[in-house]
Amino acid sequence: MQIAIASGKGGVGKSSVTASLVYLLKDTYKLIAIDADADAPNLDLLFNVEKWEEEKELTGAKIAKINTETCIQCGICAERCPYDCINFIDGDYVVNELTCEGCGVCRLVCPVKGVITLEEVRSGIIRKTTTKYNFPLISAQLDVGRPNSGKLVTEEKEWAKKIMKEQNLEHMIVDSAAGIGCQVIASLGGADAVILIAEPTPASLSDVKRVYKVVQHFREPAYLIINKADLNPGFRRLHEFAEEEDIPIIGEIPYDRAVPKSMTMLQPVNEAFPQSKASKALKEIAKIVEEEILR
Amino acid sequence: MQIAVSGGKGGTGKSTIAINLAIALKEYFDLVLADLDVEAPNDHILLNVELQNEEPVHMFMPHFDYSKCIKCKKCAEICEENAIITMKDGTPFLIPTLCSGCRGCEIVCPVPEAILERQKTMGHTYLTNTVYGFPLITGKLLEGEERAMPIVVAAKERAQKLKKELLLVDTAAGTSNTVSKALENSKLLIAVTEPTPLGLHDLELILKLADLMGIETWIVLNRSSLGNREGVQKVAKEYGVKIVAEIPYSENIIHSYIEGKPIVLSENKEAEVFKELAKKVAEYVG
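Quick mapping for you: the protein sequence lines, in order, are chains A and B.
Counting in the working numbering, the final residue of the first sequence is number 295, and the numbers go up one at a time with none missing.
Counting in the working numbering, the final residue of the second sequence is number 286, and the numbers go up one at a time with none missing.
Keep in mind the hints are simulated off the structure, nothing from the lab.
All values derive from a computational prediction rather than experimental measurement.
All C-beta atoms in this analysis are idealised placements derived from N, C-alpha and C, irrespective of residue type, glycine included.
Among the hints, erroneous ones may be present.
Straight line, CA to CA, 27 Å or less: simulated DSS-like cross-link-like pairs of lysine-lysine [as the list claims (entries may be wrong)]:
no., chain 1, residue 1, chain 2, residue 2
1, B, LYS120, A, LYS51
2, A, LYS51, B, LYS237
3, B, LYS237, A, LYS261
4, B, LYS74, A, LYS62
5, A, LYS65, B, LYS261
6, A, LYS51, B, LYS208
7, B, LYS73, A, LYS151
8, B, LYS237, B, LYS280
9, B, LYS261, A, LYS209
10, B, LYS237, A, LYS65
11, A, LYS151, B, LYS120
DEER-style ranges, computed between Cβ atoms [unchecked claim]:
no., chain 1, residue 1, chain 2, residue 2, range
12, A, VAL94, B, LYS208, 18 to 24 Å
13, A, LYS283, B, LYS269, 26 to 32 Å
14, B, GLU80, A, VAL112, 19 to 25 Å
15, B, ASN53, A, ASN134, 41 to 47 Å
16, A, VAL112, B, ARG229, 51 to 57 Å
17, B, LEU162, A, PHE88, 24 to 30 Å
18, B, ASP30, A, ASN134, 29 to 35 Å
19, A, HIS239, B, PHE93, 51 to 57 Å
20, A, VAL112, B, LYS208, 17 to 23 Å
21, A, ASP84, B, PHE93, 28 to 34 Å
22, B, ALA282, A, VAL112, 44 to 50 Å
23, B, GLU272, A, PHE88, 41 to 47 Å
24, A, ARG237, B, TYR249, 21 to 27 Å
25, B, LEU98, A, ILE89, 28 to 34 Å
Anything over 12 Å on all C-beta distances counts as not near chain B; from chain A, calculated [to be verified]:
no., residue
26, CYS100
27, THR130
28, TYR133
29, LEU169
30, HIS171
31, ASP192
32, ALA193
33, LEU205
34, ASP207
35, LYS213
36, GLU244
37, PRO248
38, LYS280
Just chain A, with the same shape it has in the complex:
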């Protein structure tokens, strides 16, 4: 089974909830965790991963290069670049490698053959390790300034499927990126269930609604966890949203300083402070996940 964890908004506690759920489920189920937030992967930090067993470079991203020796400086490439990534600097047309999307239009419109080439560049790295808790983790790290494509997440999932076969694992837990773009779409694609995480703020509500629209597109069953639930007790709009859309709320986690504290200890909160308020709520949630989703 494939479970994706998503939130739309960053910083609502996706990674810390994922880390605790995986930590609580690891002894009963054979699972693999995937950090699909290639822009800012953090799950390895929460599982205190110190070394990686295997790494693969990710290529596939393409960047345009202009040969300044043969360039006739007509400027058509700069004019036609859909994303305004070619600049005239110190007498030469230069591609901005940090914003180029690699579409290749510049090469097509260039009147001189061979001046502009599309070159494959490293877009990042995918890594695999076995955590000290004995389940495998796959994580990706995008190089700065590279296009963040869903391909990266798709590749992570392919690798995970291979490992699942080899090690006879049952479940894949995917910690998706914030937002609703290609990497989130790739994280949600093929999931059997999606756990949404939101905090009781108008901003988080707006973002979780947006990601839920993407979930609906895939027709995947969704569940909601309300994190930092007591921060804004008068705020009922998350409950209203869940009721309107018929999304079961599988738990509410109170705000608890034990959570950021456990982060600095590089441990899931249920390991660092099993008796804390947040840990108790997460334990209840893990039970519901077992009964409702993994059954």
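Go by the hints and put chain B onto chain A.
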């Protein structure tokens, strides 16, 4: 002139800092705030305003006129996204979700008008008048669309067109090329972080990007009382950047955030942090 608020990790308080700084900077500049976190735009929610003046962001999509197409397959061959597939006889078909709208197919097609223009709406930009004395530009990607870049570009252009003295940009999390696009041409980057190992990891990434782009960077340490400040100080030293402001974990800020009442306008002592930050920014950018 342009400055930016960014910070690698999501949820560190980028938007909170951006909106409060914008209000405080109004003392010094005629400005516009641009929310370029197009996958999760929230500045309007924190400012408690309804988005206004919606404009769609269209993207080109090829539409094949099969009566003219000579089935040469050139369009499929050059498509970097593999969005055009061809039948055995060369008849092209478009997979709309993969198309990036670059017009490459139209450029290489040898037959005039065999590829016609169709447009797809990718998202919207908004120009909202706020009660704070500055307009807000917002970019918003449509749910189900994958490409943030065209919306970032369109929103930024709309903000630039207002020709204000100062453009304050609030970026998405992360360090991908859409963040670079938002940061491009900034004179100063305010990197917001929190003193946790996660915040620290992501701070290093944004400092690397700023370094590559040659943008002067300052750190604002949010929720500074929660974790290990020494780590942030060490990274700041390593990259030669300074921590210009520290904001302790504060119930007042959380409440202002929840209620959509910017803290800088309140009597709370936290308001001073933003006023001082604005003063430093104004002195730096002149």
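- Cβ separation of HIS239 of chain A and PHE93 of chain B, checked against the hinted range 51 to 57 Å: 45 Å, violated
field: 27 Å limit on alpha-carbon distance, applied to hinted pair LYS65 of chain A and LYS261 of chain B
entry: Status violated; Cα separation ~48 Å.
Please confirm whether ALA193 of chain A is truly not at the interface, meaning its C-beta sits more than 12 Å away from all C-beta atoms of chain B. Holds, since 19 Å exceeds 12 Å.
Please verify that the nearest CB of chain B lies beyond 12 Å from HIS171 of chain A's CB.
Since the minimum Cβ distance to chain B is about 24 Å, HIS171 of chain A lies beyond 12 Å and the statement holds.
query = Should the label of TYR133 of chain A as a non-interface residue stand, given a Cβ cut-off of 12 Å to chain B?
reply = Fine: 18 Å to the nearest Cβ keeps TYR133 of chain A off the interface.
Inset, instruction - Beyond 12 Å from every chain B Cβ: check whether that's true for LYS213 of chain A. - result: Given a closest Cβ separation of 4 Å, the condition is violated.
Quiz item: Taking C-beta pairs only, is LYS280 of chain A more than 12 Å away from all of chain B?
Solution: 21 Å, holds
| said: Please verify whether LYS51 of chain A and LYS237 of chain B have alpha carbons no more than 27 Å apart. | reply: 26 Å, holds
- prompt: Regarding the pair LYS74 of chain B and LYS62 of chain A, is the alpha-carbon distance no greater than 27 Å?
  reply: 20 Å, holds
Q: With 21 to 27 Å as the target window, see if ARG237 of chain A and TYR249 of chain B comply at their CB atoms.
A: 25 Å, holds
task: Could you see if the CB distance from LEU162 of chain B to PHE88 of chain A stays within 24 to 30 Å?
output: Given range 24 to 30 Å: holds, Cβ gap about 25 Å.
| Range hint compliance [Cβ, LYS283 of chain A to LYS269 of chain B, 26 to 32 Å] | Check failed, 38 Å falls outside 26 to 32 Å.
Going down the numbered hints, you'll see the structure goes against 1, 5, 10, 13, 15, 18, 19, 20, 26, 33, 34, 35, while the others check out.
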